[in-house]
Amino acid sequence: MVERTPRWVYAIYLAIALGGVCLPLVLGWEGFVGWLAQARSLATFDSLMQVLVSGILQGGLYAVIAMGLTMIFGVMRIINVAHGEFLMVGAYMAFVFFTLLLPEELHSLFTANLGMAILGVGVVLLICLPLTFLFGMGVQRLVLNPVVGGPELTPLLITFGLSLILINTFISIFTSDFRAIPYMSGALVVGNLALGYPQVVSFIVSAAVTGGVFGFLKFSRLGKAVRATAQNSEVAMVCGINVERIYLYTFGFGTALAATGGILVSIQLSFFPEIGGIYILRSFAIIILGGRGNYLGALVGGILLGVIEGFISYLVSQGSQLQELAAYTLLVFMLLVRPQGLLGGIADE
Amino acid sequence: MSRRVLEVPAAGASLAEGLPARKAALRLAAALALLAFLLWPSLVNVYQVSFVFFGLQYVVLASSWNVISGFTGYVSFGHVAFFGIGSYTTAILMVKLGWPWYLTLPVAGFLAVAWAAFIGFPCLRLKGPYFAISMMGLNEVLRVVALSWESLTGGGLGITMPNAENSVSTYYAGLAVAALTVAMCYAIAHSRFGLRLAAIREDETAAEAMGVPTTRYKMYAFMLSAFWPGVIGGLVAYKLLYIEPDSTFFVAITVNMITMAMLGGKGTALGPVIGAAILYTAQELVWWYIPWLHLIAYGAFIILIVLFMPRGIMGFFIDRGWVAKGVIQ
Numbered sequence: 559m560v561e562r563t564p565r566w567v568y569a570i571y572l573a574i575a576l577g578g579v580c581l582p583l584v585l586g587w588e589g590f591v592g593w594l595a596q597a598r599s600l601a602t603f604d605s606l607m608q609v610l611v612s613g614i615l616q617g618g619l620y621a622v623i624a625m626g627l628t629m630i631f632g633v634m635r636i637i638n639v640a641h642g643e644f645l646m647v648g649a650y651m652a653f654v655f656f657t658l659l660l661p662e663e664l665h666s667l668f669t670a671n672l673g674m675a676i677l678g679v680g681v682v683l684l685i686c687l688p689l690t691f692l693f694g695m696g697v698q699r700l701v702l703n704p705v706v707g708g709p710e711l712t713p714l715l716i717t718f719g720l721s722l723i724l725i726n727t728f729i730s731i732f733t734s735d736f737r738a739i740p741y742m743s744g745a746l747v748v749g750n751l752a753l754g755y756p757q758v759v760s761f762i763v764s765a766a767v768t769g770g771v772f773g774f775l776k777f778s779r780l781g782k783a784v785r786a787t788a789q790n791s792e793v794a795m796v797c798g799i800n801v802e803r804i805y806l807y808t809f810g811f812g813t814a815l816a817a818t819g820g821i822l823v824s825i826q827l828s829f830f831p832e833i834g835g836i837y838i839l840r841s842f843a844i845i846i847l848g849g850r851g852n853y854l855g856a857l858v859g860g861i862l863l864g865v866i867e868g869f870i871s872y873l874v875s876q877g878s879q880l881q882e883l884a885a886y887t888l889l890v891f892m893l894l895v896r897p898q899g900l901l902g903g904i905a906d907e
Numbered sequence: 003m004s005r006r007v008l009e010v011p012a013a014g015a016s017l018a019e020g021l022p023a024r025k026a027a028l029r030l031a032a033a034l035a036l037l038a039f040l041l042w043p044s045l046v047n048v049y050q051v052s053f054v055f056f057g058l059q060y061v062v063l064a065s066s067w068n069v070i071s072g073f074t075g076y077v078s079f080g081h082v083a084f085f086g087i088g089s090y091t092t093a094i095l096m097v098k099l100g101w102p103w104y105l106t107l108p109v110a111g112f113l114a115v116a117w118a119a120f121i122g123f124p125c126l127r128l129k130g131p132y133f134a135i136s137m138m139g140l141n142e143v144l145r146v147v148a149l150s151w152e153s154l155t156g157g158g159l160g161i162t163m164p165n166a167e168n169s170v171s172t173y174y175a176g177l178a179v180a181a182l183t184v185a186m187c188y189a190i191a192h193s194r195f196g197l198r199l200a201a202i203r204e205d206e207t208a209a210e211a212m213g214v215p216t217t218r219y220k221m222y223a224f225m226l227s228a229f230w231p232g233v234i235g236g237l238v239a240y241k242l243l244y245i246e247p248d249s250t251f252f253v254a255i256t257v258n259m260i261t262m263a264m265l266g267g268k269g270t271a272l273g274p275v276i277g278a279a280i281l282y283t284a285q286e287l288v289w290w291y292i293p294w295l296h297l298i299a300y301g302a303f304i305i306l307i308v309l310f311m312p313r314g315i316m317g318f319f320i321d322r323g324w325v326a327k328g329v330i331q
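Protein chains in written order, with this note's numbering: chain L, 559 to 907; chain Y, 3 to 331.
Extracted from the complex, chain Y is given alone in its bound form (with noise of 0.2 angstroms):
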């Protein structure tokens, strides 16, 4: 008897039914997208190739920014900080000290981890909106010491790094680092730890007391959302070959992140990915269309997206049943 009952689930039927063939179907996809971007640089020309580059920024930006935020719920809203980080350990390693660019990756992406373990223990504690403010506030503090450092960070005037021929080494780079950004995503969706910081978003004092260790959890996703915009930020700076604080610890780009992890949906594994696809080339086209609407209407799109869809493109997918409603969501 109770076997029957456990072999027959009523309304999950149909998904489980269709669901090899639909994993091997999105197999297909994903490896035909993989080549896709492997032969990207091959097929077309520079600009092309940039422009496919500052995407996959956005996508480990906002993937990234789901870590804590997403899945954990502590909203950043300093979340550049951490890129800007990595922006300039990488100027500086680069300009004053000689690393190969690709040496000095790492470094910046642990200096974001350092800055945020550093500033996490005690911004951790803060809820809601302190929480995302205190984040502000702190962006705005590195972009003042950025900007007045100038023995180490050029001040207002930034840092010009040698020139080079970058464009294909940061496409591979930044295609690697969106890669390890969204399989890392994906593993923390379905895995316990991910579970955890679930249970963090939804009710912290009851995950305490199921024996969550929370201090722990939210330092840890925290950390974790800070390497790859490090490491991306590095590898930003090297794509441009100047970077100054104005525009690297810029707000905008925190709102840029944040919107997409929210368009496509938020404490999703894909949904960030989704997001920066459809909003970056959306930016970039309107920009190039009708450049003096571009942020109006950016704006109102935020608005838009915020009030109609707060659960962003995977939520609906999920209300129709075409993904399957994970435990994170």
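The shape of chain L in the complex, shown without the other chains (with noise of 0.2 angstroms):
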């Protein structure tokens, strides 16, 4: 007989839901009236259109890190709290490829137009996922493959060590400065609306990317492989899935996704080694927005996420850190209200 939740309790939910809009509204009246005007005058069709356009092009690198994370989810159960600082090693790849081994005469062709910049990212993307995919399936085999399937704090914990290590050996070889590579600046003016040239790039590079694996999961035969995996272990091993090495693979990709995402924010910011922090929980958010172990809906979730980021840093004044709360309550509403995400996940066993 399960225990029916008593009236109150509502009760008292819905009257702190109702005091924690009603109270600041009341006591901060003036000050919300002036926001409202205040928003009222930024918000006109070409800058909102710029917000919103903008917000497309965050909302796409978004989309490829949490592809990676959702996969490694969707496949093997695991929280994989590295993820960022998988990101982080992509970022730091791009460095040391575009500072250290690129020859300073050959800088000048990665910004000459548009084309050459997508090049450069595509030539570092090259030398760079082979390499993090074999560190993640590095990875995997070393230390996670005796895991998959226990409880869940184990590879949480792991994957928490994993990512101290990287960030302090990190520290130690990079030092904890803020590094940027010298990449194209300026702006792609398109009617009313100016787009940086590395954000450009990097969503064209997100869409691409993102096509590939869309591809890759539906028509490969190890990407149906993949993801007869995600839906169930047993009935895919049954079928002659070898699953370990579905596993050993699924890691790999998902690191190399996530250092895709570190390249790709490697050209549009600073970043140092700590950057990862910043993406992880909102690749959580994003992912459970979408549904878990859902391709389709860490596409939406990333680009919605970029999108009310946008519009949030944009309308309010001190939109920086609201920005990052954006993303942790819709983690947690999502979580309560609907933990299955917008699109709906694999389900649960």
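In short, the hints are calculated from the structure, not lab data.
Glycine included, each C-beta is placed from N, C-alpha and C at the ideal position.
Among these hints, one or two may not hold up.
As the list claims (entries may be wrong) - Some chain L residues judged to face chain Y by a derived CB distance under 8 angstroms, without partners named:
1) Gly578
2) Cys580
3) Asn703
4) Leu714
5) Leu720
6) Asn726
7) Phe842
8) Leu889
As the list claims (entries may be wrong) - Here are some, though not all, of the chain L residues that point toward chain Y, as calculated from beta-carbon distances under 8 angstroms:
9) Glu662
10) Gly707
11) Leu715
12) Phe718
13) Ser730
14) Gln879
15) Glu882
16) Tyr886
17) Leu893
Dock chain one against chain two, each of which comes alone in its own frame, and use the hints as you go.
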């Protein structure tokens, strides 16, 4: 006999929720009115379009990062806390390529026009992805393989330990200074919109990678095996799929996707060894928003989060902290209200 | 006949015979340890008093985490939130309202419990990784609130409390809090309440079917596990005389308490105490001698414990028959 929750419990929650919305409104009414007026003056059609498109560009990047996480989460049921650090590794790989390996004279080549800029990122991707893929496979084989399918705490702690190791190794190698890579600056002007070249490159590459992942999962034999393992690993095993090998590949793919995200971050922003923390909870928010193990969900969730953050930071004056809060609140709210995500995730066992 | 069968337990005989002597020895050891802890401040310098105080802090945190995650099986990956609430309660009450520090501690504890009750009711319905992630997210929410609500929390600048000579007083308060926490865990581990929590951990549906009101018991466990972190959070704030959001709602503190409980043996009353003592001492030593390696070594250490000692030191003892296998384990 399941206990019924008494009515007064719900009444308390309702009261707190109403109070949480109304009290700040009443107390800070003048500030609220002022903010409304300010927001109304900011909200012209052109500027809103600008924010929307920038948000979508940012969301494409989020989608790539979250897709790696949702792949690992969906197939292996592992919360990979080190995902942000894999991203950081990718960013530093791009840094090493652009500042140490690439001769000074060739820099101008990659900043000549949009096509060459994309080509530059493509070259970095070609070098980095196999490396990070192998790295991910090594991590899976060495420390995660024994604990797949066990209690959820174990992989959580292992990946946290891994992230500590990665962050501090990179601090010892590169120091904790902010780094940036010399990349194409300026903006692409389309009608009334001005879009920074790095953002445009990032979105184009994200779109290509996302499309590639979709195609891979949908049509290739290996992709189908990955999806089958995500749906039910035992049945997949019975059907002759080598599940352990799928885990190995999945973790490699996930790591490579995170590193792709890192490379795309590195051409837009400066970075430092602890940058992973900025992206990890956002990625969780995205995969919960879209639905666990749902790749389309990761795309929708990523773009949604990018747009929401864009609007918040544009319309609210102390936007950056509120922007962070948006991801976390969305995460908790979705878990409580619709834990399967907007598009529905794979079923719980 | 039946009486004889009852009187001759086969395997446990040697354990049962050795038990009274072992119990007496354990009690003596506990009494000596308590005496040493009580005399400690009069024997050593201020740094060493602080050293033990922060060790006691981790005893409290690891033991409390163990109540919800070790006994009940709901992995809280944001338990530092309660610690942070306690810290901010004490700091705000002391600075804004001028309360003496010892009066703020119960308030800190009860506010942490209130927050646990508020978030526990919806969140404890989530299972497995979802609960862990939601706790992590809620901790971040609190951190950002503490960072942006500048009129109350001082934002990123934090709160500075008036200077005070607090080394010895916080030490004894910390000792009392640690003793009470461990006593609470021991009582839970040896009670019907603890058995019900273990039933929830092993199979919640079965526990429900056997008549355990799981929702209510999970809530009790969660609230109990929030109280002492709140109190010790307040105490640590008073000890440090300065708090700021990033180091107060710090994920690494959560991981510390989890690793300590895992090292000692989660789900046992004494495990977290042993784990906290060992890991905290080891951390301080490595930090003192090889600072650049400290966090890398810690990361590797977490991985090694989880892979090779998932049941912790108590599990090792139990396997060898040195400690009786509790029902809870």
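Contradicted hints - numbers only:
1, 2, 3, 9 and 10
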